[in-house]
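Starting from the known structure of chain U, fit chain W onto it as the hints suggest.
Listed here are the chains, written in short residue letters.
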Amino acid sequence: GESVGLHLPTLSVQEGDNSIINCAYSNSASDYFIWYKQESGKGPQFIIDIRSNMDKRQGQRVTVLLNKTVKHLSLQIAATQPGDSAVYFCAEKLLAYTQKLVFGQGTRLTINP
Amino acid sequence: GAVVSQHPSWVICKSGTSVKIECRSLDFQATTMFWYRQFPKQSLMLMATSNEGSKATYEQGVEKDKFLINHASLTLSTLTVTSAHPEDSSFYICSASTSATGANVLTFGAGSRLTVL
Numbered sequence: 001g002e003s004v005g006l007h008l009p010t011l012s013v014q015e016g017d018n019s020i021i022n023c024a025y026s027n028s029a030s031d032y033f034i035w036y037k038q039e040s041g042k043g044p045q046f047i048i049d050i051r052s053n054m055d056k057r058q059g060q061r062v063t064v065l066l067n068k069t070v071k072h073l074s075l076q077i078a079a080t081q082p083g084d085s086a087v088y089f090c091a092e093k094l095l096a097y098t099q100k101l102v103f104g105q106g107t108r109l110t111i112n113p
Numbered sequence: 114g115a116v117v118s119q120h121p122s123w124v125i126c127k128s129g130t131s132v133k134i135e136c137r138s139l140d141f142q143a144t145t146m147f148w149y150r151q152f153p154k155q156s157l158m159l160m161a162t163s164n165e166g167s168k169a170t171y172e173q174g175v176e177k178d179k180f181l182i183n184h185a186s187l188t189l190s191t192l193t194v195t196s197a198h199p200e201d202s203s204f205y206i207c208s209a210s211t212s213a214t215g216a217n218v219l220t221f222g223a224g225s226r227l228t229v230l
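Those sequence lines, one after another, are chains U and W. First residue of the first sequence? That's 1 in my numbering, and the numbers climb one at a time after it. First residue of the second sequence? That's 114 in my numbering, and the numbers climb one at a time after it.
Okay, chain U solo, but in the shape it has when bound (with noise of 0.2 Å):
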């Protein structure tokens, strides 16, 4: 379903620790997900990508993990920098034939230095 959130969840690091952000997503069916990095005022910067017949997919200091049976995605950030600090927003694509997605809740990242 569409996401509606109230307030963005946050999550704050040390510069130089691991992060792991987290994202529930709604429909079973989903093939594809992504996860967006959104900095302040700026719109969603694609960071990584993961189709459903996989369940990890490692990028430069990120890797996503895909759990399809309780539908959960994570991003996880290695050696942070303070230029990770910004909202991260996991997005499922519902149809297989579209390429709209639905965007999750997001979460604030704050790495302290």
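Read the hints as simulated data drawn from the structure, not as lab findings. All of these numbers come straight from a predicted model, not from anything done at the bench. Where is the CB? At the ideal position from N, CA and C, for every residue including glycine. One thing to keep in mind: the hints can contain errors.
To be verified - Heads up, simulated SDA-like pairs for lysine to any residue below, C-alpha to C-alpha not over 25 Å straight-line: (1) W:LYS133 / U:SER40; (2) U:LYS100 / W:THR130; (3) W:LYS154 / U:ILE20; (4) W:LYS133 / W:THR195; (5) W:LYS154 / U:ALA24; (6) U:LYS68 / U:ILE48; (7) U:LYS100 / W:VAL175; (8) U:LYS42 / W:SER167; (9) U:LYS42 / W:ILE125; (10) W:LYS177 / W:ASP140; (11) W:LYS154 / U:ALA29; (12) U:LYS71 / U:ARG51; (13) W:LYS154 / U:SER12; (14) W:LYS154 / U:ASN22; (15) U:LYS100 / W:ILE125.
Unchecked claim - What follows is a list of derived Cβ distance ranges for each label pair: (16) U:ARG51 / W:GLY174: 23 to 33 Å; (17) W:GLY174 / U:GLN45: 40 to 50 Å; (18) W:GLU176 / U:ASN67: 34 to 44 Å.
Relative to chain U, chain W alone:
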């Protein structure tokens, strides 16, 4: 890489006036564009799917006569907020889709912040 440009980046208007926001794909052709609205500290909510050369498809609860969408060319979609009211104040973001950007990767614009007085 693929770039999507929105204009204006911010706009302030009086209640009752109409405002047009443009979304352009700068270096690729976009057969489909999507318009999202984002209220402060909330997620992106899909408003409509804009298809080049045909009518837009609106999400449930979005008034098509209030939010007019035109996708007259493969590089431009416009969103017009008609008779704007303060509750329409929001961050409007578009994204563009084409096989040239990758099968499943949408490119987002930087957003347009609308403030209705």
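Hint-by-hint comparison with the structure:
{"no.": "1", "hint": "W:LYS133 / U:SER40", "result": "23 Å, holds"}
{"no.": "2", "hint": "U:LYS100 / W:THR130", "result": "30 Å, violated"}
{"no.": "3", "hint": "W:LYS154 / U:ILE20", "result": "20 Å, holds"}
{"no.": "4", "hint": "W:LYS133 / W:THR195", "result": "8 Å, holds"}
{"no.": "5", "hint": "W:LYS154 / U:ALA24", "result": "18 Å, holds"}
{"no.": "6", "hint": "U:LYS68 / U:ILE48", "result": "17 Å, holds"}
{"no.": "7", "hint": "U:LYS100 / W:VAL175", "result": "16 Å, holds"}
{"no.": "8", "hint": "U:LYS42 / W:SER167", "result": "29 Å, violated"}
{"no.": "9", "hint": "U:LYS42 / W:ILE125", "result": "18 Å, holds"}
{"no.": "10", "hint": "W:LYS177 / W:ASP140", "result": "29 Å, violated"}
{"no.": "11", "hint": "W:LYS154 / U:ALA29", "result": "28 Å, violated"}
{"no.": "12", "hint": "U:LYS71 / U:ARG51", "result": "13 Å, holds"}
{"no.": "13", "hint": "W:LYS154 / U:SER12", "result": "17 Å, holds"}
{"no.": "14", "hint": "W:LYS154 / U:ASN22", "result": "17 Å, holds"}
{"no.": "15", "hint": "U:LYS100 / W:ILE125", "result": "29 Å, violated"}
{"no.": "16", "hint": "U:ARG51 / W:GLY174: 23 to 33 Å", "result": "30 Å, holds"}
{"no.": "17", "hint": "W:GLY174 / U:GLN45: 40 to 50 Å", "result": "27 Å, violated"}
{"no.": "18", "hint": "W:GLU176 / U:ASN67: 34 to 44 Å", "result": "38 Å, holds"}
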